[in-house]
Amino acid sequence: GSGDEGGGGGGGGDDVTITMLPKNLGNPYFEASTAGAEEAAEELGATVEEVGPDAASPDAQVPFINTAAQQGVSALVVSANDPTAIGDALEEARSAGTKVVTFDSDTEPQFRDLFVNQASAEGIADKQLELISDQIGGEGEIAILSASANATNQNAWIALMEEKLASDYPDIELVETAYGDDDDQTSFDKTAALLQSHPDLKGIVSPTTVGIAAAARYVSTSEYKGKVAVTGLGTPNQMREYVEDGTVEAFALWNPNDLGYLATQAAAALAAGDITGEEGDTFEAGRLGEFTVGADGEVLLGEPYVFDKSNIADFDF
Amino acid sequence: MRTHARPWWQRALLTREMLTILILVVAWVVASAAVQGFDGPLTITYLVLDVAPVLLIALPMTLIIATGEIDLSVASVVGLSSVTFGLLHQAGLGLWVALLVSVLLGAVCGAVNGALVAYAGLPSLAVTIGSLALYRGLAVGLLGTTAVTGFPESWTDGATENLGESPYPVITLGLLLMIAVFAVVLHATPFGRDVLDIGRSSEAARFSGVDVKRTLLILFVLSGAVSALAGVYYTLRYGSARGDNATGMELQVVAAVLLGGVSIFGGRGAIHGVVAGVLLIGVLGSALRLEGVTVNVINIVIGSALVVSVVAPRIAGGLRVRRRSAAIAPHEPPRFAAGAHGDPDGGSAVGQGT
Amino acid sequence: MSVLSLLRRREAGIALALLVVIGVTTAIQPGFLLSAGGWRDLLLTPSILVVLAVGQAVVVITRNVDLSVGSVLGLTAYLTGRLFIDAPDLPIVVVALVAVAAGTLLGLLNGSIVAFARVPALVITLGTLYVYRGVTLTWAGSDRIDAGDMPRAFLGLGTRQVLGVPVLTFIAAIVLVAVAYYLYTARGGRQLYAIGSDPDAAALQGLPVRRRLLWAFALNGALAGLAGVMFAARYGTVSSGAGAGLELQVVGAVVVGGVAIFGGSGTAVGAALGAMLLLTINRALPVVGIPDFWQRAVVGALIIGAIALDRVLANRRSRRLAAARDAEPPPGSAPPGSAPPGGGPNDAGPDDREEATA
Amino acid sequence: MPNATPTLRLEGVAKSFGPVAALRSGTLIVQPGSIHALVGENGAGKSTLVKIVGGVHRRDAGVVELDGEPVDFHGPAEAKAAGVAVIHQEPASFPDLTVAENIFLGREPLGRFRRIDRRAMREGVRELFRNLGVDLDPDRPAEGLSIADQQIVEIAKAISLDARLLVMDEPTAALSAVEVRRLFAVARGLRDAGHAVVFISHRLDEVADLCDTVTVMRDGEHVSTDAVADVTPDQLVRRMVGREVAELYPKVPSTPGEVVLQVEGLESTGTFHDVSFEVRAGEIVGLAGLVGAGRSEIARAVFGVDRYDAGRVVVGGRNLRQGDPAAAIAAGLALVPEDRRLQGLVTESSVARNVSAVSRRRLARLGILLPDAEARLARDWSGRLEVKAGALDAVTTTMSGGNQQKVVLAKWLATGPKVLIVDEPTRGIDVGTKAEVHRLLSTLAAEGLAVLMISSELPEVLGMADRVLVVREGRIAAELSRAEATPEAVMRAATPGASESESAA
Ligand SMILES: Nc1ncnc2c1ncn2[C@@H]1O[C@H](COP(=O)(O)OP(=O)(O)OP(=O)(O)O)[C@@H](O)[C@H]1O
Ligand SMILES: Nc1ncnc2c1ncn2[C@@H]1O[C@H](COP(=O)(O)OP(=O)(O)OP(=O)(O)O)[C@@H](O)[C@H]1O
Ligand SMILES: [Mg+2]
Ligand SMILES: [Mg+2]
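Chains as they are written, first to last, in the working numbering: chain A, 1 to 317; chain B, 1 to 354; chain C, 1 to 358; chain D, 1 to 505.
These are computed hints drawn from the structure, not numbers from a lab. The model shown is predicted, which means the values in this text are computed figures rather than measured ones. Where is the CB? At the ideal position from N, CA and C, for every residue including glycine. There's no promise every hint is true.
[Unchecked claim] Pair ranges (Cβ atoms, derived):
| id | chain 1 | residue 1 | chain 2 | residue 2 | range |
| --- | --- | --- | --- | --- | --- |
| 1 | C | Ala173 | D | Asp139 | 25 to 35 Å |
| 2 | D | Gly390 | B | Val25 | 26 to 36 Å |
| 3 | B | Ser32 | A | Arg94 | 22 to 32 Å |
| 4 | B | Trp96 | D | Ala326 | 56 to 66 Å |
| 5 | B | Gln10 | D | Leu370 | 15 to 25 Å |
| 6 | C | Val162 | A | Glu43 | 49 to 59 Å |
| 7 | A | Glu223 | B | Lys213 | 51 to 61 Å |
| 8 | D | Ala61 | B | Arg6 | 26 to 36 Å |
| 9 | C | Ser35 | A | Thr47 | 52 to 62 Å |
| 10 | C | Arg160 | A | Asp308 | 21 to 31 Å |
| 11 | B | Trp9 | D | Leu370 | 15 to 25 Å |
| 12 | B | Ile315 | D | Ala4 | 47 to 57 Å |
[Said to hold, decoys possible] Taking lysine to aspartate or glutamate pairs in the EDC-like style, the calculated list, with each CA pair at most 16 Å apart, reads:
| id | chain 1 | residue 1 | chain 2 | residue 2 |
| --- | --- | --- | --- | --- |
| 13 | B | Lys213 | D | Asp324 |
| 14 | A | Lys227 | A | Asp200 |
| 15 | B | Lys213 | D | Asp306 |
[Stated by the list, open to error] Pulled from the structure, derived: some chain B residues nowhere near chain D, Cβ distances all over 10 Å:
| id | residue |
| --- | --- |
| 16 | Ala5 |
| 17 | Met18 |
| 18 | Ile21 |
| 19 | Val25 |
| 20 | Val35 |
| 21 | Gln90 |
| 22 | Ala91 |
| 23 | Trp96 |
| 24 | Val101 |
| 25 | Ala111 |
| 26 | Glu291 |
| 27 | Gly292 |
| 28 | Val293 |
| 29 | Val297 |
| 30 | Val311 |
| 31 | Arg314 |
Isolated chain A, as found in the complex (with noise of 0.2 Å):
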């Protein structure tokens, strides 16, 4: 507790500095979060800095913690690469005296004092399933291409899936799920090579940007376009030209604006003071209104949304 004196003495309440950390920079997705918290910020007349390692590992977002303890910083947004490895260093920022909200990808409960959620996982592994049925026609083959093996979020959703998959979707079955790391050239590649290695392949889920949108662009340009449907997690800038051209039906997203405005509204009433992370506890944020905080500290931003033909041209991020 060594940082107290310094972070108190400078800024208190009325200097509210908001870092905001996420998995990796050079990410749509999260320079949408981020445009969010921004707007947040500026309401609320906190300044917000964003840094970020340029590759999303664990190991690589740490020093960027550790320097928000150092700054002293009135709270701390990330979303985590992994669920404890970054979990002594929010610790320690927490002991400095910094708020530390998760939001996107949780850490283990202990480490933060709120978690952002999206949406519910079974929100959005329900939304996931709905969707690959819809366009399968209820059965066949269908594979998963995720991110990084490790991520957090990604994992949640695809063991959900698969739980209801078995109970509720007896025809379709999951022939393989796929790491891409979140980079657009190997998800490119192991799409290929899903399709290859299973030739009755009729779907792919990809519940990250990333994924959805590489292993779009490659069906997009083959044979199989029409012929194995692609669904999951998109932003609708990158998906816009591939449902326009047919390859893809519909998917699903939060607004990440939204979301990085919510979880910077949520940082600025802990560091405000206004809640301390119980369950029951509620703030107010800007345009999206009143929150309550769940339990286990969570705060749910609402439904995913789903993208399709008729609405993706009201979108820009």
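Following the hints, position chains B, C and D with the ligands against chain A.
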């Protein structure tokens, strides 16, 4: 005959290592004065914790590069040992046993490299590019999608805890011990002399009865074992054993060692320079991050420092004595034409395009 | 060259290995080769790596190495996308040429530091690996080039086929043939081998060592630039991290292809085959039932195996040459021992100072 | 002497390498249509002069003119372009290229589209080889060529340049008598066509046979230039050496003791065969032969740096493990190798480190090597051998050849060896130092050390050895006692192709 051509203080000051140390000191002073938050106690704590694995691996790497070889597989050994450590813990073995087995496995990885380089006579650059992929592949293959977590607090805290009230983590003691051991080995034992002799002329070393092959094997084994140790530390520090731990760290280590004044051709290098090189990269990163400078600029700074640290002495030295034809990277001693070498005018004799 | 000597060449071994991999995998999963997509991917997947490996081979033949290619690729790929956004009226060919020119410049920068300051290429290109990547990151920030930002005709290059062969494969093949032709039949090409074979003797012979080194690095940079354009066309998305970590794969391909890391020998064809073998194995492993995660291990074992094989072959040859000297009475006096094999990289003359012992 | 413009004129050319003045005042005037011999002891500066003419080095001072035009070459390429072809003393071939590529490198015949015309190249090489009367496959890689074959490739390369000035630095050192005669025929042909030829050799009979003019050099300076007909070999030798030859070899008589080193049936494919000999305590055994005969290889195998296929080495009654120099050192063997820059010294290291290189394990206390102990040993031995260096921590790169050689000797003597193998102990060493080294070897032998001395200098072998073994093509061709060992007898045994008119200088 006099023992030394220069008084001791000149000998100490006029070394390549002093340049790195000087830059480190300047960087530290400037950062303390100009960067807000740098002079806090947390800086030292984080610096030590962050540089620990690179520093550990840089020690044996210094010896290997001093012989004119290189080991690019170190970061993969970190990953592999992290995975074994995690899996053994998961299997219910005691952590000491897990640690021992992981380090032994690292030694075996190093022995494979060493045998291929020393006894089969294969170029270390190519061999360790291969084993970089091999060991990383084994690590990722063994652990698949999962990460092992849930190490006992006593161990994970040990990796990050401070010494009493001081800003120094407990592991500082271990690091100092390792630094001391490697410094003594390189600078004050016959073995260390062998290492430098091999780097300067492995042929001459062989003619003096140095067992070049065995020496190289020992160094690679050492490199593997220490990398594995760093892997265990890594696992404990982040509380998470993963196959992709420390990906790409090999280049950081090599960059730090070269920045510390070790010659990539071998034959020259000192532990204190390397320690300064590692710390310099750490301090630059820490200060620039505090200033809100992003990784990209940090990359540029480190890359430029590396290039400048090699080119600058060349240019400075070239003004004093234009030296011989070393236009070509790692290269064997020429078998013939010894006369063509010492030519101080070599510069003009090479590459006269018409 | 006779058929027999062609078969005995190092490249024949890699080609054979490639055929075996394709054959076995196709037997297990006919679609691997015998479907339109399979055939296309077989040719298309390695084409970028082939271009990079061919360029790297030229540098490695001169006893140097260029680790910055991944970063050069990233920079030029991003440049390509940026040009399409900022100057939408530029013809595709001009954009490609600008990217290639940028690659050439970056290669020249590497080459001139190596040739004029006479410092090891490994260190310099490790430094520029960081610098070039940093420049891309700074320039791109969180920006990313999406498929929608680039003209369809350009993206079409990444996927279109002519006569059943993907366009990018055509480009790679043209590069390969041109470089192989240069290396084998041009004076400059042979001099690159001479330089790598014995740099000091090359200087003694009056070869333009510096100019050739510059040229080798520039050519490699140009090809990395071209690979950047191909990357943008094929993947349709370019982020600042494009091509990260590719350098070791490229060097691996070159080594597997039989180009000696200490210079002087190897061919562009070998390097290209090495690249194809690496990536084809990568794609074949999941088909034959080896999970994703083990691929890298197999590739690593393959690289080590390839170098070891080269050494075994070289040892056999020098033993044969030694024995031949005993068999046929030589014209001159008795044969001396052949040169010691291998030889570590040393004695290249760092500064003439004792390291500090204190 | 003809009065036309000389093809080559060097006057007062000087060249130093750091502290070493390799060439103080080189003067050489070569007329067109003549073959000019350049002789002098090892280290006299002949090769340095040649390298200046060939553009490898740049002179520090002096005049160089070609056909009356002053020239200043910035590199070998410029010299080549100006019509100077040089066969350097150490052949520099590219092992990975073929023989034909080596010969035509950089000037390959081109066909259409500037592509190399391999057929024409091969034909050109065949033609060259026909003239030289050798039978080498143009398409084989240069890797593994014998020194003689490498020399032939160099000669072919130089001749193919068709230069106005051809300089040959010891081209015959590795050649057989037959090849030497062919080379001479080619050289005479060039002379008759009006070219100028410079010929360097240590064999004075060759000089008498081939050349019309001879220049003597000593210690980097011009001594004399005469028509070959006007000087006797004895006169030449006296001018080269600068004093009476006898005092160079201060042989101290000693009585050989028991056998210390015994070599039996040593065999190495492609290098040497069935080598057996023994060396006794207090005895100096000379190992004579042509360059490339395999003497150094034998020494290296005995010492353990090279492996052998069959046979054994016995030291002091015990079998020596092969391929293990450390074991050889422990058994009391020491090897002063032929190439001191590459093998004898770690040239980048200091005098002290080099002197203690072998003994340092003995010096260490509890595994720690104290700089003091090292310095004491180094001061001791470099004092005894009168090594001249600024300080013990001076780097040996900058030292003169003679002093370097003394450091190597000091290193080995510091180990207290029973058998000392010296390979070309005085190569490139000035006359004074040479005598010192000889005196040292002689004294050591008298004190009971067994010495095996390899030398290409016949006078040295004859002057120092109690017994001479002659190696020819990897086999011991003769064993001669001190009395039997005349120059003629040794050369006859050493030269392949029987006892043609070869005789020593
Ligand atoms: N590059 C160099 N650096 C330092 N000293 C050199 C160099 N080249 C030659 N020397 C020294 O210069 C002197 C003259 O050498 P040079 O090779 O010209 O002699 P040489 O007459 O050709 O002898 P040899 O008959 O043995 O070939 C020798 O003492 C040698 O050690
Ligand atoms: N083809 C070759 N390639 C490389 N080095 C060679 C080759 N042939 C000979 N050498 C080296 O040249 C040197 C001289 O040849 P060698 O030792 O066989 O003959 P030697 O009888 O010892 O002659 P000398 O000692 O008189 O030079 C040796 O060090 C040998 O290793
Ligand atoms: Mg000479
Ligand atoms: Mg010899």
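Tested hints:
1. Remark: the range hint 25 to 35 Å for alanine 173 of chain C to aspartate 139 of chain D is upheld by a beta-carbon distance near 28 Å.
2. For the pair glycine 390 of chain D and valine 25 of chain B, the beta carbons lie near 32 Å from each other, so the given range of 26 to 36 Å is met.
3. Taken as a hint, the range 22 to 32 Å holds for the pair serine 32 of chain B and arginine 94 of chain A, whose Cβ atoms sit roughly 26 Å apart.
4. About 37 Å separates the C-beta atoms of tryptophan 96 of chain B and alanine 326 of chain D, a value inconsistent with the hinted range of 56 to 66 Å.
5. Range check, glutamine 10 of chain B to leucine 370 of chain D: about 22 Å between beta-carbon atoms, so the 15 to 25 Å window is met.
6. Distance hint for valine 162 of chain C and glutamate 43 of chain A: a CB-CB separation of about 56 Å, consistent with the stated range 49 to 59 Å.
7. Separated by about 56 Å at the C-beta atoms, glutamate 223 of chain A and lysine 213 of chain B satisfy the suggested range of 51 to 61 Å.
8. Roughly 31 Å separates the CB atoms of alanine 61 of chain D and arginine 6 of chain B, a value that falls within the hinted 26 to 36 Å.
9. A hinted range of 52 to 62 Å for the beta carbons of serine 35 of chain C and threonine 47 of chain A is consistent with their spacing of about 56 Å.
10. Taking 21 to 31 Å as the suggested C-beta distance range, the pair arginine 160 of chain C and aspartate 308 of chain A conforms, at roughly 28 Å.
11. Look at tryptophan 9 of chain B against leucine 370 of chain D: about 21 Å separates their beta carbons, and that is inside 15 to 25 Å.
12. Isoleucine 315 of chain B and alanine 4 of chain D have their C-beta atoms about 48 Å apart, which keeps the hinted 47 to 57 Å range intact.
13. For the suggested pair lysine 213 of chain B and aspartate 324 of chain D, the alpha carbons sit about 11 Å apart, so the restraint of at most 16 Å is met.
14. Only pairs whose Cα atoms come within 16 Å are accepted, and lysine 227 of chain A paired with aspartate 200 of chain A is accepted, the gap being roughly 10 Å.
15. For the proposed pair lysine 213 of chain B and aspartate 306 of chain D, the alpha carbon gap of about 14 Å is at most 16 Å, so the pair holds.
16. Annotated as non-interface, alanine 5 of chain B brings its C-beta within 10 Å of a C-beta of chain D; the closest such distance is 4 Å.
17. Separation of methionine 18 of chain B from chain D is adequate, the least Cβ-Cβ distance of about 17 Å exceeding the 10 Å criterion.
18. Residue-level check passed: isoleucine 21 of chain B sits 21 Å from the nearest beta carbon of chain D, beyond 10 Å.
19. At roughly 27 Å, the least C-beta separation between valine 25 of chain B and chain D is larger than 10 Å, which holds for a residue marked as non-interface.
20. Distance check for valine 35 of chain B against chain D: the nearest CB is about 41 Å away, which clears 10 Å, and the non-interface claim stands.
21. For glutamine 90 of chain B, the requirement that its beta carbon stay farther than 10 Å from each beta carbon of chain D is met, with the minimum near 40 Å.
22. Annotated as non-interface, alanine 91 of chain B keeps its C-beta farther than 10 Å from every C-beta of chain D; the closest such distance is 39 Å.
23. Listed as outside the interface, tryptophan 96 of chain B is consistent with that label: its C-beta sits roughly 28 Å from the nearest C-beta of chain D, beyond the 10 Å cut-off.
24. Every Cβ of chain D is farther than 10 Å from the Cβ of valine 101 of chain B; the closest lies at roughly 29 Å, confirming the non-interface assignment.
25. Remark: the non-interface label on alanine 111 of chain B is consistent with the geometry, its nearest Cβ contact in chain D lying 21 Å away (cut-off 10 Å).
26. With a minimum CB-CB distance of about 42 Å to chain D, glutamate 291 of chain B clears the 10 Å threshold, and the non-interface call stands.
27. Against chain D, the non-interface label of glycine 292 of chain B holds: every CB pair exceeds 10 Å, the least being about 45 Å.
28. For valine 293 of chain B, the condition that its CB be more than 10 Å from all CB atoms of chain D holds, with the nearest at approximately 40 Å.
29. With a minimum CB-CB distance of about 38 Å to chain D, valine 297 of chain B clears the 10 Å threshold, and the non-interface call stands.
30. Separation of valine 311 of chain B from chain D is adequate, the least Cβ-Cβ distance of about 20 Å exceeding the 10 Å criterion.
31. Every beta carbon of chain D lies more than 10 Å from that of arginine 314 of chain B, the smallest distance being close to 16 Å; the non-interface claim holds.
Taken one by one, the earlier hints fail for this structure at numbers 4, 16, listed in ascending order.
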